[in-house]
Amino acid sequence: MSAPTQVLFDEPGPKARRNNVIFSIVSAIVLLALIAFIVWKFADAGQLDAAKWYPFTFTQIQMVLLSGMLATLKVAVVASVLAIVVGVIFALLRLSGTRIISIPGTIVLEFFRGVPVLLLIFAMFLIFGNTIGPFWSVVIGLTLYNGMVLAEIIRAGILAVPKGQREAAMAIGLRPSQVMSLVLMPQALRAMMPTIIAQIVVLLKDSALGFIVTYQDLLYQVNLIGREYNNLLPTFLVGAVLFIIINMIVAAIARWLESRLQRKTTADTEDGALSAKTVT
Amino acid sequence: MDFPQLLQMFLSGTWGTIKLFTVALLGSMVLGTILAGMRVSPTPVLRIAASTYINVVRNTPLTLVMFFCAFGLPFLDIRFGATSSFNSFVYATIALTAYTACFVAETLKSGIATIPVGQAEAARAVGLTFGQTLGQVILPQAFRTVIPPLGSVIIAMLKNTSIASAFNNRELISAMRNAIELRGDLVIPLLFGTALAYLILALILGRVFDYLEKKLVILR
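Chains as they are written, first to last, in this note's numbering: chain V, 1 to 280; chain H, 281 to 500.
Hints are computed from structural coordinates only; laboratory data are not their basis. Because the structure is a prediction, the values reported are computed rather than measured. Among the clues, some could well be false.
[What the hints assert, rightly or not] Result set (SDA-like, lysine to any residue): computed pairs, CA atoms no more than 20 Å apart in a straight line:
| hint | chain 1 | residue 1 | chain 2 | residue 2 |
| --- | --- | --- | --- | --- |
| 1 | V | K41 | H | P354 |
| 2 | V | K74 | V | V250 |
| 3 | V | K163 | V | S181 |
| 4 | V | K15 | H | G407 |
| 5 | H | K299 | H | L311 |
| 6 | V | K41 | H | L353 |
| 7 | V | K163 | V | L189 |
| 8 | H | K494 | H | G407 |
| 9 | V | K41 | H | N367 |
| 10 | V | K15 | H | V406 |
| 11 | H | K495 | H | P429 |
| 12 | V | K15 | H | Q412 |
| 13 | V | K15 | H | A405 |
| 14 | V | K41 | H | D357 |
| 15 | V | K15 | H | L408 |
| 16 | V | K15 | H | V325 |
| 17 | V | K74 | V | I244 |
[As the list claims (entries may be wrong)] Selected chain V positions facing chain H (in silico; Cβ < 10 Å):
| hint | residue |
| --- | --- |
| 18 | A16 |
| 19 | V26 |
| 20 | A28 |
| 21 | V115 |
| 22 | L120 |
| 23 | A208 |
| 24 | I212 |
| 25 | G239 |
| 26 | N247 |
For each residue, glycine too, the CB sits at the ideal point set by N, CA and C.
Let the hints inform the model, and build the full structure from the sequences given.
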């Protein structure tokens with residue numbers, strides 16, 4: 001825990017420690033009571049009976065849930081890749097020196113960034129649904145929204161690269177496209193990688209919206225199984241756990257990448273050697 | 281269905297969105313503040329409970345949270361009113377509140393971390409208890425510091441209210457779907473109209489937060 005949150009209270013003395021223990025026990029009891037109440041309500045509704053969980057031992061049900069999960073992941077992966085491509089393109093459009101390019105780019109970006117992603121998915125589904133189907137409706141909707149958010153992130157990353165980098169690249173005679181692709185973009189993507197992955201997690205969560213346009217994803221299957229066997233809550237819990245595990249894995253990758261990217265890219269200047277030299 | 285009727289439909293839809301948004305805004309600010317307070321409290325149990333809640337709910341899609349509230353809670357015999365439309369409204373606001381509170385709490389926690397250590401030390405030195413330190417010294421400053429990021433959380437919530445349309449709520453998206461069912465020939469204008477309504481709401485909200493930022497924000 002960081003320093004400021006630690007200084008909010010004194011180092012506990014004997015009395016405070018005793019109070020802390022009492023308070024811990026009381027709050028633990030309250031929390032347990034809350035959980036017990038929910039479990040009791042579940043049991044009361046008959047949702048915890050072994051029979052309600054029995055369907056999950058069927059291979060067929062497991063396969064259906066698995067296929068739903070794969071469908072969700074497929075949407076998320078395809079949309080992530082496309083969103084990064086769209087993000088890079090729109091970041092470049094907005095950074096373009098020519099106003100004829102940058103102003104329409106900005107308008108399109110602000111438009112898609114300002115509306116709910118569900119509206120975009122609906123729009124795709126209602127206008128092109130018959131030709132492209134629910135899968136591509138969801139993918140394109142997610143791509144448009146998250147692509148624009150990623151464009152802003154990448155643009156901020158490019159603007160944050162020290163000015164000297166660009167000047168140095170120009171000075172050694174690189175063309176503007178080379179300056180961007182060889183010098184600025186790699187550094188921007190690297191610096192912004194944690195934020196980009198956080199946005200990918202948002203995209204992954206939003207991919208659950210597919211069930212609203214009848215895309216047969218995890219939630220759709222959960223709903224179907226729940227109604228079929230009248231065990232909505234157990235199925236829901238299984239589905240939620242699957243979702244949370246996927247998201248936590250991606251979030252953990254983001255944290256790992258962040259700590260990895262914190263490492264310096266430049267070589268050490270070898271202070272020791274320098275100071276040794278100055279002494280002699 | 282002529283134009284005035286469609287407009288009226290959209291206005292009532294917009295009103296539904298604003299209602300959902302306002303109630304969820306109040307709820308998530310209160311719950312988010314409580315969660316943030318729990319996360320920095322001296323009691324380990326509260327700290328663990330709050331961080332577990334935040335980690336779990338933050339990693340769950342809002343659709344799933346709302347799915348649970350809209351379909352799961354009636355199963356558990358938890359109802360709030362006589363009419364099913366009011367029930368749907370309450371379920372949707374509970375889901376939005378539970379979900380957004382996590383982000384509010386996270387934002388506030390980062391705000392608390394920016395308050396100079398001396399503030400808390402001084403508060404303790406004059407003998408304030410933890411609750412007083414947090415409530416009278418730290419949180420008022422933290423709120424003012426986090427206005428810009430809090431604004432983006434709140435605007436995201438405005439857009440998230442759209443998900444409630446899939447769970448029997450009357451708001452903009454459901455108004456749009458009804459309108460499209462009645463006037464299949466106007467699909468594209470209706471879609472653009474809905475987008476415009478959201479953009480205007482988001483713009484107004486953005487202005488409000490800009491104003492608050494100019495008035496209140498403490499830069500460190």
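How the hints compare with the structure:
1. Annotation: proposed proximity of V:K41 to H:P354 holds, straight-line Cα distance about 11 Å (limit 20 Å).
2. Straight-line distance between C-alpha atoms of V:K74 and V:V250 comes to about 15 Å, which keeps the hinted pair within the 20 Å bound.
3. Straight-line distance between C-alpha atoms of V:K163 and V:S181 comes to about 16 Å, which keeps the hinted pair within the 20 Å bound.
4. Restraint check for V:K15 and H:G407: satisfied, since their Cα atoms lie roughly 15 Å apart, inside the 20 Å limit.
5. In summary, the hint linking H:K299 to H:L311 is supported, as the alpha carbons are separated by about 18 Å, within the 20 Å threshold.
6. For the proposed pair V:K41 and H:L353, the alpha carbon gap of about 10 Å is at most 20 Å, so the pair holds.
7. For the suggested pair V:K163 and V:L189, the alpha carbons sit about 16 Å apart, so the restraint of at most 20 Å is met.
8. For a cut-off of 20 Å, the pair hint linking H:K494 to H:G407 is broken: about 33 Å separates their Cα positions.
9. Our distance criterion of 20 Å between C-alpha atoms is met by V:K41 and H:N367, whose separation comes to about 18 Å.
10. Of the supplied pair hints, the one linking V:K15 and H:V406 holds, its CA atoms being roughly 19 Å apart against a limit of 20 Å.
11. Using a Cα cut-off of 20 Å, the hinted pair H:K495 and H:P429 holds, with the two alpha carbons roughly 16 Å apart.
12. About 19 Å separates the Cα atoms of V:K15 and H:Q412, which keeps this hinted pair within 20 Å; it holds.
13. The hinted pair formed by V:K15 and H:A405 meets the criterion: a straight-line CA distance of about 18 Å does not exceed 20 Å.
14. For the proposed pair V:K41 and H:D357, the alpha carbon gap of about 8 Å is at most 20 Å, so the pair holds.
15. A hinted pair counts as satisfied when its Cα atoms are at most 20 Å apart, and V:K15 with H:L408 qualifies at roughly 16 Å.
16. Taking the CA atoms of V:K15 and H:V325, the gap is near 18 Å; set against the 20 Å cutoff, the hint holds.
17. Straight-line distance between C-alpha atoms of V:K74 and V:I244 comes to about 17 Å, which keeps the hinted pair within the 20 Å bound.
18. Taking 10 Å as the C-beta contact cut-off toward chain H, the hint placing V:A16 at the interface holds, the least distance being around 8 Å.
19. Taking 10 Å as the C-beta cut-off, the interface hint given for V:V26 holds, the closest approach to chain H being about 9 Å.
20. For V:A28, the shortest C-beta to C-beta distance to chain H is roughly 5 Å, which falls under 10 Å, so the interface hint holds.
21. Against a cut-off of 10 Å between C-beta atoms, the interface hint on V:V115 holds, since the closest Cβ of chain H lies about 5 Å away.
22. Interface hint status for V:L120: upheld, as the beta-carbon distance to the closest one in chain H is roughly 9 Å, under 10 Å.
23. A distance limit of 10 Å between C-beta atoms decides the matter here; for V:A208 the minimum to chain H is near 4 Å, and the interface restraint holds.
24. With a least beta-carbon distance of about 5 Å to chain H, the hint placing V:I212 at the interface is held under the 10 Å criterion.
25. About 7 Å separates the beta-carbon of V:G239 from the nearest beta-carbon of chain H, less than 10 Å, and the hint is met.
26. Among the interface hints, the one on V:N247 holds; its C-beta lies about 4 Å from the nearest C-beta in chain H, closer than the 10 Å criterion.
In summary, the one numbered hint that this structure violates is 8.
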